[in-house]
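Visitor: Given the structure of chain G, go ahead and fit chain U with the ligand onto it with the hints provided.
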Amino acid sequence: MHYVIAGAGPAAVAAAEHLKELDPSAKVTMIGAQQQPPYSRMAIPYYLTGKVKEEGTYLRRAANHYEEKGIEFVHGEVVSLDGPGHTVSLADGQTIGYDKLLLATGAEPIIPPVPGMDDPRVQQCWHLEDAERIIELAKPGARAVQVGAGFIGCIILESWVLREVNLTVVEMGPRMVPRMLGEKAGGLLQKWCESKGVTVHTNTRVQSIESTPEELKVVLENGETCAADVVIVSTGVKPRIAYLDGSGITVDQGIVVDQHMQTSVADVYAAGDCAQGLDFSTGETAVHAVQPTATEHGRVAAANMVGNNSLPYKGSLNMNILDTLGLVTCSFGAWEGVEGGDSGEMFNEGNYQYINLQFKDDVLVGANSVGYHEHLGVLRGLIETQVPLGAWKERLKKNPVQLADAYVGVNQSELKVS
Amino acid sequence: MHKALVMEADACTGCHQCEMMCSYGKVGAFNISKSVMDITAFDGGALNVPSTCTQCEGAWCMVVCPVQAITVNPATGAKEVSAEVCVGCKVCTIACPFGAINYDPDSGVVTKCDLCGGAPMCVEACPTTALAYMAEDSTGYEKMRRHAVMSAGLPEGTA
Ligand SMILES: Cc1cc2nc3c(=O)[nH]c(=O)nc-3n(C[C@H](O)[C@H](O)[C@H](O)COP(=O)(O)OP(=O)(O)OC[C@H]3O[C@@H](n4cnc5c(N)ncnc54)[C@H](O)[C@@H]3O)c2cc1C
Chain G
1 MHYVIAGAGP AAVAAAEHLK ELDPSAKVTM IGAQQQPPYS RMAIPYYLTG
51 KVKEEGTYLR RAANHYEEKG IEFVHGEVVS LDGPGHTVSL ADGQTIGYDK
101 LLLATGAEPI IPPVPGMDDP RVQQCWHLED AERIIELAKP GARAVQVGAG
151 FIGCIILESW VLREVNLTVV EMGPRMVPRM LGEKAGGLLQ KWCESKGVTV
201 HTNTRVQSIE STPEELKVVL ENGETCAADV VIVSTGVKPR IAYLDGSGIT
251 VDQGIVVDQH MQTSVADVYA AGDCAQGLDF STGETAVHAV QPTATEHGRV
301 AAANMVGNNS LPYKGSLNMN ILDTLGLVTC SFGAWEGVEG GDSGEMFNEG
351 NYQYINLQFK DDVLVGANSV GYHEHLGVLR GLIETQVPLG AWKERLKKNP
401 VQLADAYVGV NQSELKVS
Chain U
1 MHKALVMEAD ACTGCHQCEM MCSYGKVGAF NISKSVMDIT AFDGGALNVP
51 STCTQCEGAW CMVVCPVQAI TVNPATGAKE VSAEVCVGCK VCTIACPFGA
101 INYDPDSGVV TKCDLCGGAP MCVEACPTTA LAYMAEDSTG YEKMRRHAVM
151 SAGLPEGTA
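These protein sequence lines are chains G and U, in that order. When the letters of the first sequence are read in order and numbered with the numbering used here, they come out as residues 1 to 418. When the letters of the second sequence are read in order and numbered with the numbering used here, they come out as residues 1 to 159.
No lab work stands behind these hints, which were simulated from the structure alone. Every residue gets a Cβ at the ideal spot worked out from N, C-alpha and C, and that includes glycine. The reader is advised that the hints may include incorrect statements.
To be verified - Label-pair restraints from in silico Cβ distances:
id, chain 1, residue 1, chain 2, residue 2, range
1, U, P74, G, G70, 33 to 41 Å
2, G, G283, U, T71, 17 to 25 Å
3, U, G108, G, E339, 38 to 46 Å
Claimed, not checked - Covered stretches of chain U (in silico footprint by chain G; criterion: 3 or more residues with CB under 8 Å from a CB of chain G, positions within the stretch not fixed):
id, stretch
4, 62-70
5, 98-104
Isolated chain G (complex conformation) (with noise of 0.2 Å):
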């Protein structure tokens, strides 16, 4: 049996390694294009803060892990799929035959239309490389304008802050974090970031980027202006998946999987930011591009692909936990709220302390908190266990602080917790 990735990101490592665990004989190859050996976006905003090295980055530390372990790297780009034929092609011209494909391309970073973006001291934060270029940018002392303040923008800002520039962010939405934060979660991380000498515009676009050989001017559509040595743009990814046009491969926002993680396409799957899987919070399928969903994606997925579609999968809890210079804020699944349900809020803005739970029924089905660090994992284990909350939701309704303890209190039901 021939497995073969196209990949080299958490997804497709955590697929790899566990093919090879659940089929020890098979052969196991994955592709990936990019220079270094398979690295960790998330670990960058360490390396742009000098905290690690580039091998610091890098998802596992022993230079002949996937040799030991079986797996073959190549580098390298897939450019093209033939489904009936069970071949890729890379960009250098060499075929490459499957049994079974898993497709772990990841995401690419969104660039919006606007004038002046191609600047050179323009620069996305997603390949390791751009990190290089930012830290050349990014000299202390120099004036950095961040584009979006989506999650990512909130994890990397710190990094420039460490990194002693003067920042200016700016975002679309009419909050930071628009999407994974509510109002007053995402209020209380602006006001923080505000204290902390970040400038942050909320509620406008980037209308032109104008550059002078000494400094570009970002104008913004709110009619200010503001001056700066380098530009970050973080507004957002999209699945990297080009390379399936023509391959018969059903994609929408991502390429379309089961619950099976399995392509439109026969002996073809699809894991981690690339792949729209199944949401466990609406039952619909969607792209979450975390952490947590790639490596969990491409364990599921890889399981299927040994034990022939043997392992429904009960989708992915969108999860998310930022620490954005100091401040912790972490948000899952439905923490807007579904339909019919009811809330519980526990608001210290003084100390910037915020919890929100979101319940139907006595279950929980969402959260946002701001200024906790301790026992957020209990989160994700009330809402997928999906444990009847009995009489601690009105425990929590009342003071969401508790929430370790409830979540103590309803696995010892059999102990008869009151």
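Guide: Quick look at chain U with the ligand alone, frame taken from chain G:
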């Protein structure tokens, strides 16, 4: 066969000695906010429930880690965090459905139970039988494991 840390709420008196010793082992100070063993009191202390990482097979924390900072100690089976490798991204703290791995802002890395390398200090500190370190095939361990699989809600082997 690895030994497991078995927790029995019925025998716990809520004395918090385990948390004290745990924090001492972890950070060299008696400070229960640094303990990775937690005692939760219910009904004003009528019931006390110890909880910590069960070293679950799913190992969501280890699977999700972007830099391989969490590895299995072959001697104990414990999933251990390397403070040198961890970048402090916290993604494991939301991926663990038990809330059993947590970020410590003072050290900038995550912490969890590592079974103290095979001699858990919490067990030594426990004056009752609430905490025991015993063979994995004991009934207590089986019960705990079933509970872990149940509460994770995932088919085994996916995470
Ligand atoms: C700066 C930054 C910070 C982030 N922080 C977080 C965070 O805190 N928490 C979180 O949950 N997520 C975070 N993310 C998102 C997270 O990194 C992604 O969800 C994750 O990397 C997705 O993994 P993947 O394997 O699906 O895709 P990717 O990591 O994008 O990997 C794709 C792989 O496919 C290869 N590839 C692409 N096209 C081809 C092709 N045609 N042929 C061959 N190979 C190809 C690439 O070279 C790469 O190896 C962050 C992302 C960035 C950029």
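Visitor: Please go over all the hints and tell whether each is borne out by the structure.
Guide: Hint check results:
At roughly 19 Å, the beta carbons of P74(U) and G70(G) sit outside the given window of 33 to 41 Å. For G283(G) and T71(U), the hinted distance range of 17 to 25 Å is not satisfied, since their beta carbons lie about 36 Å from each other. Between G108(U) and E339(G) the C-beta distance comes to about 41 Å, which sits within the given range of 38 to 46 Å. Only when three residues or more bring their CB closer than 8 Å to a CB of chain G does the claim for the stretch 62-70 of chain U stand; here the count is 5, and the claim holds.
For the stretch 98-104 of chain U, the assignment as covered by chain G holds, since 6 residues bring a beta-carbon within under 8 Å of that chain's beta-carbons and 3 suffice.
Checked against the numbered hints listed earlier, the structure breaks hints 1, 2; every other hint is satisfied.
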